[in-house]
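Keeping the supplied structure of chain E fixed, place chain A upon it in accordance with the hints.
From first to last, the protein sequence lines stand for chains E and A.
Just so we're aligned, residue 223 is where the first sequence starts under the numbering used here, counting upward by one.
Just so we're aligned, residue 3 is where the second sequence starts under the numbering used here, counting upward by one.
For the record, the hints were derived by calculation from the structure and aren't laboratory data.
It should be emphasised that the depicted structure is a prediction, and the values quoted were computed from it without experimental measurement.
Worth double-checking, as some hints may not be accurate.
DSSO-like mimics (lysine-lysine), calculated; alpha carbons at most 30 angstroms apart, straight line [stated by the list, open to error]: (1) 143(A) with 331(E); (2) 143(A) with 330(E); (3) 408(E) with 293(E); (4) 143(A) with 435(E); (5) 338(E) with 187(A); (6) 331(E) with 116(A); (7) 49(A) with 158(A); (8) 437(E) with 380(E); (9) 293(E) with 116(A); (10) 338(E) with 408(E); (11) 338(E) with 49(A); (12) 143(A) with 49(A); (13) 293(E) with 49(A).
If you only want the chain E side, here are some residues facing chain A, beta carbon under 10 angstroms, derived [as the list claims (entries may be wrong)]: (14) 292; (15) 294; (16) 300; (17) 314; (18) 325; (19) 377; (20) 391; (21) 395.
The C-beta atom is built at its ideal place from N, Cα and C for all residues, glycine as well.
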Amino acid sequence: MPVVALENVTKSFGALTVLDGVSLAVEPGQVVAVIGRSGSGKSTMLRCINGLEQIQSGRIEVAGHVLENNKTALRELRQDVGMVFQSYNLFPHLTVEENITLAPRVVKKEPLAEAKATARNVLEQVGLSEKIDAYPEQLSGGQQQRVAIARSLAMHPKVMLFDEVTSALDPELTEEVLRVMEGLAKAGMTMMLVTHEMGFARRVAHVTVFMHKGKVWESGPSERIFSDPQTPELRQFLASGLK
Amino acid sequence: MIRSFGWNEFLILLRATEWTILLSLISFAGGGALGFVVALARTAQHKTLRWIAVAYIELMQATPVLMVLFLVFYGLGLFGFDIPPLIAASIALIVYCAAFLGDIWRGCIEAIPKQQWEASEALAFSRWQQLRYVVLPQAAKISLPPTVGFLVQVVKTTSIASIIGMVELTQAGRFVNNATFQPIKVFSAVALIYFVLCYPLSLWAQALERKMNAGRRA
Chain E
223 MPVVALENVT KSFGALTVLD GVSLAVEPGQ VVAVIGRSGS GKSTMLRCIN
273 GLEQIQSGRI EVAGHVLENN KTALRELRQD VGMVFQSYNL FPHLTVEENI
323 TLAPRVVKKE PLAEAKATAR NVLEQVGLSE KIDAYPEQLS GGQQQRVAIA
373 RSLAMHPKVM LFDEVTSALD PELTEEVLRV MEGLAKAGMT MMLVTHEMGF
423 ARRVAHVTVF MHKGKVWESG PSERIFSDPQ TPELRQFLAS GLK
Chain A
3 MIRSFGWNEF LILLRATEWT ILLSLISFAG GGALGFVVAL ARTAQHKTLR
53 WIAVAYIELM QATPVLMVLF LVFYGLGLFG FDIPPLIAAS IALIVYCAAF
103 LGDIWRGCIE AIPKQQWEAS EALAFSRWQQ LRYVVLPQAA KISLPPTVGF
153 LVQVVKTTSI ASIIGMVELT QAGRFVNNAT FQPIKVFSAV ALIYFVLCYP
203 LSLWAQALER KMNAGRRA
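Isolated chain E (complex conformation) (with noise of 0.2 angstroms):
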């Protein structure tokens, strides 16, 4: 059974049409990169995964709960996705270790012993343990994003989702998040993830996901897409994106 299934979804801001009827189902283990165009959906169909965006018609559902308007059901899924934002938005009032417990003692009633617990695994995980002290502006671009991603981490997630979660970082410090990352999907992480890292899609990512006007367009084995694309859309994609 998928852990995330999109059946005929569709979502438009006012007159304009973002996403136009998209199906896709993502299996427990597998890394899917979206890429597209600015402005193809990419994004809003990642946000509508977790209801940050509401969908106009259609079906999500995400680790066996049916996405609906029912703010209860809504913090349930929740608690089964991590999500990683391209600004990194860490709590800038807590330290490292703050901004990792914070979900799990709140939303989970965590004991905090327990929750201390988890922030040191997931910190060990993203390589940066010595910084759990810190506060969020005595770290780099990439060390925040690294934290982000423990933060989501510690709420054992069935499934993250990461939102061009490099697009902010110099190529050095996108090295070392995609690190992370790609350990991640080695561990048997299931992972969305809207990214413009050609190299890294094709290398780590099971399928990829083409989208161009709020429609998945092509989709496929990540290997087939890049050297392979059926469509003249996807192949002049590619060729303009260097990356």
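Below, chain A without anything else, positioned relative to chain E:
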């Protein structure tokens, strides 16, 4: 018998200053509590709540606080409530402070980037948890300088309570002046006492602002 303005008269002013301070504290504490509710209502998702808060803030900001005071003092009097000046002044100033503090704090809540809301929303926080753990702590920090600055306004505004007969600093000044006919001396002394109360607060507000601009933990 005409007295001249001396140490004893100054002591009368100082004693009345206690009432000015008390009224300031009541107004600020009460206005702060009510203002917090106003700020939350003003930034709520519920449309009606927001609308009520907007109406309240607009109405209060467009009304001289003296009119509010008259309405409370004489208005409640008409309904047979005989309320002492301290209570009337407290109610009027609380209602007034709540509107201004509510609006100041609304601005502070709205200054928190929407990404902070989104990040906590994605972590399955409820709206109240988002406010309690993510938004309000950050908003509180940036609210300090304008809040302390507003406290200066509160202290000075308490002088209107003299009009309904409360013997706070200004009213005591009038009494002393009536007895001494030395308005320059008397009201200079009154002004000096207000200055001594307010200036440290102004300095504090400025220091807070500098600290904030210098970065949070530089």
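Are residue 314(E) and chain A close enough, Cβ to Cβ, to be under 10 angstroms, as the hint says? holds, 7 angstroms
Hey, does the residue 391(E) contact hint survive, CB to chain A under 10 angstroms? Given a least distance of 16 angstroms, the restraint on residue 391(E) is violated.
Pair hint residue 437(E) and residue 380(E), alpha-carbon separation not exceeding 30 angstroms: holds, 25 angstroms
Residue 49(A) paired with residue 158(A) [C-alpha distance capped at 30 angstroms]: Since the Cα atoms of residue 49(A) and residue 158(A) sit roughly 35 angstroms apart, the hinted pair is violated (cutoff 30 angstroms).
Next pair to validate is residue 143(A) with residue 331(E); report whether the Cα-Cα distance is within 30 angstroms. holds, 26 angstroms
Residue 338(E) and residue 408(E): Cα distance at most 30 angstroms? The given pair, whose Cα atoms are some 25 angstroms apart, holds under the 30 angstroms limit.
For the pair we were handed, residue 338(E) and residue 49(A), check the Cα-Cα distance against 30 angstroms. Given pair residue 338(E), residue 49(A) is violated - Cα atoms ~39 angstroms apart, limit 30 angstroms.
Run the distance test for residue 143(A) versus residue 49(A): straight-line Cα separation, threshold 30 angstroms. holds, 27 angstroms
Satisfaction of hint between residue 187(A) and residue 338(E), Cα-Cα up to 30 angstroms: Violated, because 65 angstroms separates the two Cα atoms, which is more than 30 angstroms.
Against chain A, with CB atoms and a cut of 10 angstroms, does the hint on residue 395(E) hold up? Because about 19 angstroms separates residue 395(E) from the closest Cβ in chain A, which is outside the 10 angstroms limit, the hint is violated.
With 10 angstroms as the cut and Cβ atoms as the points, is residue 300(E) at the interface with chain A? holds, 4 angstroms
Regarding the hint that residue 377(E) lies at the interface with chain A, is the smallest CB-CB distance below 10 angstroms? Holds, about 7 angstroms.
In summary, the structure is inconsistent with hints 3, 4, 5, 7, 11, 14, 20, 21 from the numbered list given earlier, while agreeing with the others.
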